[in-house]
Structure formats: C-alpha cells, structure tokens
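S.K.: Using the hints, position chain B against chain A.
So the chains spell out like this:
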Amino acid sequence: MPGEEAGKKADREGVGSLVCAGCNRPIEWCSFCDEAECPSAICYRCLLTGLKQWVAYPAAGTG
Amino acid sequence: MGFERVYHYAAGKLDWKAAGLPIEGELAARPTAGQFARADVPTCRVDEPMATVRDRAKEAGCNACVVVNEERVVFGLLRSKELARGRDEPVERFMRPGPSTFRPHVPIVEMAVYMFEHNVESSPITTSDGRLVGLLLREDAEREVHRLHEEHLRHHEAEGSDHPDAG
Numbered sequence: 000m001p002g003e004e005a006g007k008k009a010d011r012e013g014v015g016s017l018v019c020a021g022c023n024r025p026i027e028w029c030s031f032c033d034e035a036e037c038p039s040a041i042c043y044r045c046l047l048t049g050l051k052q053w054v055a056y057p058a059a060g061t062g
Numbered sequence: 000m001g002f003e004r005v006y007h008y009a010a011g012k013l014d015w016k017a018a019g020l021p022i023e024g025e026l027a028a029r030p031t032a033g034q035f036a037r038a039d040v041p042t043c044r045v046d047e048p049m050a051t052v053r054d055r056a057k058e059a060g061c062n063a064c065v066v067v068n069e070e071r072v073v074f075g076l077l078r079s080k081e082l083a084r085g086r087d088e089p090v091e092r093f094m095r096p097g098p099s100t101f102r103p104h105v106p107i108v109e110m111a112v113y114m115f116e117h118n119v120e121s122s123p124i125t126t127s128d129g130r131l132v133g134l135l136l137r138e139d140a141e142r143e144v145h146r147l148h149e150e151h152l153r154h155h156e157a158e159g160s161d162h163p164d165a166g
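Going down the list, the protein sequences come from chains A and B.
For the first sequence, numbering that gives the first Met the number 0 assigns the number 62 to the last residue and increments by one with no breaks.
For the second sequence, numbering that gives the first Met the number 0 assigns the number 166 to the last residue and increments by one with no breaks.
Keep in mind that a hint or two might mislead.
As the list claims (entries may be wrong) - When the alpha-carbon atoms are kept at most 20 Å apart in a straight line, the in silico DMTMM-like pairs for lysine to aspartate or glutamate are as follows:
| hint | chain 1 | residue 1 | chain 2 | residue 2 |
| --- | --- | --- | --- | --- |
| 1 | A | K51 | B | D128 |
| 2 | A | K51 | B | E143 |
| 3 | B | K80 | B | E91 |
| 4 | B | K80 | B | D54 |
| 5 | B | K80 | A | D33 |
| 6 | B | K57 | B | E25 |
| 7 | A | K51 | B | E25 |
It should be emphasised that the hints constitute simulated quantities derived from the structure, not laboratory data.
Being a predicted model, the structure only gives us computed values, none of them experimental.
So that you can see chain A by itself, here it is in the shape it has in the complex (with noise of 0.2 Å):
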C-alpha cells in the first residue's frame, strides 16, 4: 500500500552511514537500487522528486 510504503522508506532513513547525493541528508540505503552500499544513493524523497512520482492523496472530507 502507498502509505505502508511510504513509512517504510522513511523509517530506513536518518540511520545510516550513507549519505543521499540530492539532500546530504543520512540513509540506511538507496532508495533507488537498495543498496546499502551505494555510490549515487538517494534518499526516498529526493528520488520521488527526480523522477516526477509525487501522487497527490486527497484530505478526508474532500470529494
């Protein structure tokens, strides 16, 4: 499910060694090829970014 999925790549972030290229930021691993030793890791959020995949959720009590 998205949001499973969602609180699944966070949790893997701000725990690692690793560093995302886009945001500096620390991660377990690579949001792209999950790895953890990844040269050109990425963080969740920044690869939502590069790759144009944000999907907007509708607020309970709309449509």
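M.R.: Only chain B this time, still in chain A's reference frame:
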C-alpha cells in the same frame, strides 16, 4: 460542452497517471516507464521452490522474476544474482523483499538515467496500490533513450537545413 458522462476522480490526476491509465495533452506524448515495462515478465509466489522459478525464468528468456501474491501485488524480486541461488528452498529465502517500485507514468528518460547510475538491470513498475504492471529492463530503457536522442538530432538537422544561414 457536450460531455454526456462526467466523473470526479477523487484520488486525483497523478493517481490516475500512476495507474497507467490513458491521458491526453502535451505530456501524453512523452514516453513513460509503463509503455516499456514487459507485462509478460515471469512471476512466482513466495513459497515456490527456487529451481522451478529459475526454470520458468529461463523458459521466458528473462533473467529476473517478480514475486507476487494472487492479486499481483509485488512482494519481492529475483534478479539474476538471486535467481542463481538455491534449489528446493522457497523463493522467500532468496528474494529481495519489498523492492523499490516505480509508477507507470515516470518518464523513461529519468528511469534510464537512474538505472545506469545505479547499475540496476531491471525495475518493477507497479500501480499506486502495488500491483505489477511489468518489469522495466535497463536495455529497453536505454534503447528508447538512444532512439529519442537520434530523433532529437534529426529534428535539429532538419531545422538547420531549413535555416537560411545554414551552411
């Protein structure tokens, strides 16, 4: 305006695109990952033996297999490295669990660049709710980028030849 049946899609336009549904307008002409993802990629369940799955992938001429449930929601991925392992052991022992997945509307050019930079041979393309659309192979993505590049060059050459100052 002449429309007889009009719907309000509550999840929004991007969710519609992320489901790989048809769109119109300028962006519709841009090639996307969903257009090049191979829908006939071999799939398997988490409890199948590795040898069976390996044979299935080989028969399909593919060096990857996507692990899905009965609703085709992606659970894992076996790329060539994982496919080479095990025999009677279940797939779940060797699969890459919860692989990164990408939506069908992602531009093919961006996907090709990321796959090259990260040396990734294949990426699962799924809808927003995780259902498999197909597997995007790096060779397919790069082939399309080369085609687009050639097309771009031809377009510029044609423009140049029409220019009065062109030599």
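S.K.: Tell me the hint numbers this structure goes against, listed in increasing order.
M.R.: 6
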